[in-house]
Amino acid sequence: MRIRRIVAGFDAGACRRETLQAIAALAAETQAELLGVFIEDTGLLQLARLPFAAEVGYPSAARRSIDLASVERALRARAETLRGALAAALEPAAVEWTFRIVRGDPADTLAAALAEGHAPALLIPPRGKPHAERRVVRQPELTEALLRELIAAARPVLILPG
Amino acid sequence: MKPLPAERLRRRCDPESFAFATTAELEAERETLGQARALDAIELGIGMRREGYNLFAMGPEGLGRHTLVRSRLEAQAGGLATPSDWCYVYNFETPHRPRALRLPAGQAPAFKAAMARLVEDLSAAIVAAFETDEYRNRHQQIEAELAERHDRAVNEMSERAKGEKILLVRTPSGFAFGPLGKDGVMGPEEFSRLSSAEQKRYETLVAGLQKELSDLLHQMPIWRREALRKMRSLDREVTRAAVASLIGELKSEYAGLPQVQAHLAQVQEDTLENAALLRQAKEIELPGIEAPFRRYAVNVIIEHSATRGAPVVHEDNPTHDALVGRIEHLSQMGALLTDFTLIKAGALHRANGGYLVLDALKVLTQPYAWEALKRALRAREIHTRSIGQEIGIVSTVSLEPELIPLDVKVVLVGERRLYYLLHELDPEFAELFKVAADFDEDMPRGPGEDERYARLIAACARAEKLRALDRAACALVIERQSRDAGDAEKLSVRMEALGDLLREADYWAGASGRDVIGAQDVRRAIDAQIARADRVRGRLQEEIVRGTLLIDTEGERVAQVNGLAALQLGDYVFGTPHRITARVRLGAGRVIDIERESQLGGPIHSKGVLILSGYLAGRYAPTRPLSLSASLVFEQSYGGVEGDSASSAELYALLSALAGAPVRQRLAVTGSVNQHGDIQAIGAVNEKVEGFFDLCQARGLKEGQGVIIPEANVKNLMLREDVVAAVEQGRFAVYAVRSVDEGIELLTGVPAQEIHARVESRLSEFADKARAFALAGVKKHAGPRK
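Protein chains in written order, with numbering that gives the first Met the number 0: chain A, 0 to 161; chain B, 0 to 785.
The following block holds chain B by itself, in its conformation from the complex:
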């Protein structure tokens, strides 16, 4: 079998096919490449202003989801109406439920300023109104009337008593009655000289007058209340005259806004009710939130004076409070107090009427943020309350601000597994996020796509303000992106990785004093990226070269095959060879997977071994028992094995053991096998081939060394340039096989039919022995008959 030609190992991008010298000549690619499906979904999601049509942009990190979503949203938002401003004002009926006022876009700051001016003016006007002679005279008049009424009543009582020859006398705490004698109040001596009947008469009269006086004094608080009512009425009258014109001006200014009109009417009514307090506001200097004029303030929680179109808000730290807003408190005399001026807006307020972009993982990992977001979207209202209020653990004085109607399109950006997990675990998710924009990691590399991709590179370099790339560099970047996709027929659209490569190539070009990024700069950037992540791979290879990890790359040995494994550390994947060995003996038809028995093998690996058993039984023992016991192991593997990419290597080791055919150690194998003996595709084929190549190269390349891969993986080959060069020079080979037969022939140099014959013969031998053992066992148990 012939190895693959070099041109099939790496799909070149021919620099000569480009019509430009550097990317500076190229028009930047305006379209987003490879994301047609996601873009269609985004267009639908952002255009559909219906309940539940929120968007989940899913895909792995580094695809440029945030950038793309934001650019589409901004384009759409520019054509939409700018939403209203929102303020919170004092609720005069229920103070702990601040009222939300909607004002046309950009008008809230002016309203706030107007109310601040009104407070200034009110303060001066009310004080002035109460300092007029008119007010003072009328006030004194009311007081004088009250005093006169008291005096008159007491004097009348005094005169009436006098008529009965009894005097009314003031005491330190009230009034007393005494009989009138010759010189004023009768003394006890004079009183004792009176007849007992006369004494009794005086006592009865005094008691009656005391009762009358008591009744009269009970009336006095009522008179005082009447006087106070008159005074309050006077205060209202004076205040009304002072404030009516001031508030009237504002009312006419906001004539078209009924909510504002209603609020101003309540402000006016409140000034009348609290005229006395407002009059003394400046003298008393009540602290903080108890200041009397504070209730007329306006808390602008969201204003759009600088917004053009609908807002697009990206909340990077989507905590519960950052989403729905928060209510702050002031410490006053050791107590935490709050009022409507301490309500602060959240991202939902800022994005209301537009779009809100959130990172799904961050929302889900912030306590109660996800629940708050869903509640807001479901109710289409923003309910600003603290987490403490939500879960009922805070008893500090707090507010219940009026709910603000919500009209927002939320775009969650997250990984696919989050989308599917939410779909599975949260029944509300599907209702609230009806549109999924699934971002692809790669795009087809069809004819003409290299040219388009070059324009994308040009756009990226321009956006990042990097040097232009010459066409060789451009071609190398395209090849690298194809390798990143792990497919010669695809190109990666991981924009972050592309950006990193261009930035680093630009750095190396700058370090070399070049004005244009050349292929050598791109190559250096790629090598440096690999070198930075390469420590573990290097250590593994070093231990193989030093003979600590046993891997042969020449010679032959029965039942021993070089398998290939791919390891991933972070986002760096590399391949490394592993020795796979098999042992066979007479047994009950069981293939023991030592990895599984020692709990180091994953379920897919175990499945591969079971398939292999199926192949053996079906191929060699369809009509009789498979009297074989075999064991398979990844030698010197201590960290667990998963995947079925080594199942063909395991089968080769087993066949070699059964046929007694030595395996060429200069070859390594990857590929999974099915029960029919077909070789199936595996992942990370490039890394695996390069892993074995690197080891051979470290030991010095020798003729005949190479790797056997599945035919189905040839399209994935984008091997490193040095591997391709070695193949061109005949110093390394890559073989593509479709079946076990092709593979075993390459590995042993023995025709497959002969291998199968040897295996069948060996298994037949096992079967015969097994039958003989079985018969001997029966005889022994039966024993001699007497």
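Chain A extracted, bound-state conformation:
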């Protein structure tokens, strides 16, 4: 059974080059269409608007104030970096791919992206490892609650047609 789509989700957190290369290798291997989705988490943006909003840097552990504008700027920069790195990783793979930036809730965003195409599809949630053990789910069984659970666990999910 051939995977027809790969949906790879990315959040504000850092993504290692090895992960991108593994996604590219997987796409090349399966010749599946790849959709990269960078999620601008509305929860983070809400938080940035709070008067006492602050972040703890990783790995510096330094505490510093944040605001909406600085978070948006940082997200845009992160998304651009990610697009470039993904393009570089995919260059030798010669596969069809797209990359989009979506503001919203991670589970809703990824559910919407999955709904656009046909199964079988592989979902790689943010911080997920492409070669980690996959959960196999039939499309009708993929409820919102299950999706949130899978995203939290950062496990890849193979979605089969119902």
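Some clues are possibly wrong.
Stated by the list, open to error - Quick list of simulated restraints, FRET-style, between CB atoms:
#	chain 1	residue 1	chain 2	residue 2	range
1	B	122	A	71	46 to 54 Å
2	A	103	B	152	27 to 35 Å
3	A	84	B	252	47 to 55 Å
Note that these hints are calculated values from the structure, not bench results. Glycine is no exception: its CB is placed at the ideal position from the N, C-alpha and C atoms.
For this one, chain A is given, so just place chain B on it according to the hints.
Just chain B, lined up with the frame of chain A:
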């Protein structure tokens, strides 16, 4: 007085006394002739393996010192043990101090090759070991453990926050906490609707969680270091498994060499420490001396696989670096870098355990070479460092190689004056060079020595692959060597001059199509040697014959004597006559040496003139003042006069002037005089006699012409064959005198007693006049009394 008979003018070597027809029949002389003293010293010097018993072989050039020393050293060295090989290897503890390894003779190249093979094998083995699934899985496991530990900590923090209704959210640069609302993180509108107490509570909770998270993140680098330690430990474990057997093989091969064992153990330890670098060695391709495996190389600086016995090294260009070795540098990215593989051996390394022959003058004229040599001999260690390091003017990255123990016997070959100068000026010299081998220039020509010398000639001709000499040629060579020694009772052992004569005679024999060198070839070679160096002598004689330089060879003249001077140009000595004249008058007893007054006379010449004054005063005026003023001069001498060989001629000129007795100009005189009027020996008697003979011959020999020489010089006579022939025919004469009386009689034809009487009378006359002048002076000063 009778002239010397012809047979006393040249000591012949009679060809008929030889039992051979040509030197081809002779057994070569095996012993070195005339150098018994030097040979004894050399035997002691090379046999004595004690500190400071180094050797200085001294004597003039051309005696064959180098050849003799080398042959003796090689004979001695053959029976000694072949010394160890030496290598430099990387010092893993202090890289800038490369370690010196001693290996048994001839084993260093094999060790070097074994280490090169080991590097090849290590490279492959280490790469293979790190490509195994076992390694990869264990490596990933460590990484996964670390990642899991991070995630778990963050998740725990997230769960704990959730319990306080606070969400942990990822930001592009870290983490942030926000209060949990109805749909995720609470927005500012919803937050503002909370009571101020509730708002304050959230703010306090968030601040506390941020503090906790900060503390947690501070822990993470520690966890990472722990993981890295585990990875390094894994790398060491994998590397150890890969290299242990390879190095173990080498260790067992060199089991008897503790230094090598220790080095191999350090190599093994280093491979474990640098496993990651070595794994990538081939991929990274670091240039030159930064290549990771280079430190396992072996720099063989000296090996004796082809040496039999102890080495005998002759360093022809003994610069500082050529003696103690040098440290080369490589230019890399504009910087000069070096390492232990760029250490190069010097002559002391090559000669270590054996003998080193050096030319003393060359060592002394090379900057810092003498100091470096002495330091090595004193410390008995070779310290390889550049001159720049020695004098502290170079700041390029350099090395301090481990010192190599030195056990060498140094033989310096040089002139005598160098030996004596070093003795006088360098206090360390006597301690370091205790044995002096003083080479003689000549040997006694006793009975039977001509035969031995013929064997030496045979050996020399054979060694040079020359034609054999017939016995007449051999006899002529022996006579020539006696002339070279300047003594009829000695033979020169200047081997270079002998070799030159034989080679040139061989050439002339070849040019004439002869298979054997004959007397005519030797004679031609001698004549050609003289002719090549003879230009100045010829020009001087030409100017005398043409009347530019005034020398009479016939007639008589008062107060004018033909003196004889020897001139040396290069190694060619020739004699030439000089006119010596004297003038006398009433005076205060002073003999003026015009040469000295005009600063053209040397101190020995001045001494001769003063002795002459002493003779006059003692002989003629022992009890009254010598009221004489005299002047003496070498006429037409423009280049200075030195030596006392003309002092008798000067005295004759003075006596002639005082006695008014004309001097026979057909005679020339040489010899020094003492205050008693005895005639003393002088140098270059042969050249001086021949100088006057050549002039007379150029003008046409006339009866009665000849030379007066000191009796003490008769033993030195080895005159040219044509001079001897002229004497045999009565056309030239050589007179030997013992005293001034004999000489003045020959020169004036007046009995000596009469000359002395005339001189005394003249001096008495001067004294009387002087007294009269003195009295007149007293009266004048006193004046008439009133």
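Which numbered hints are broken by the structure, listed smallest first? none
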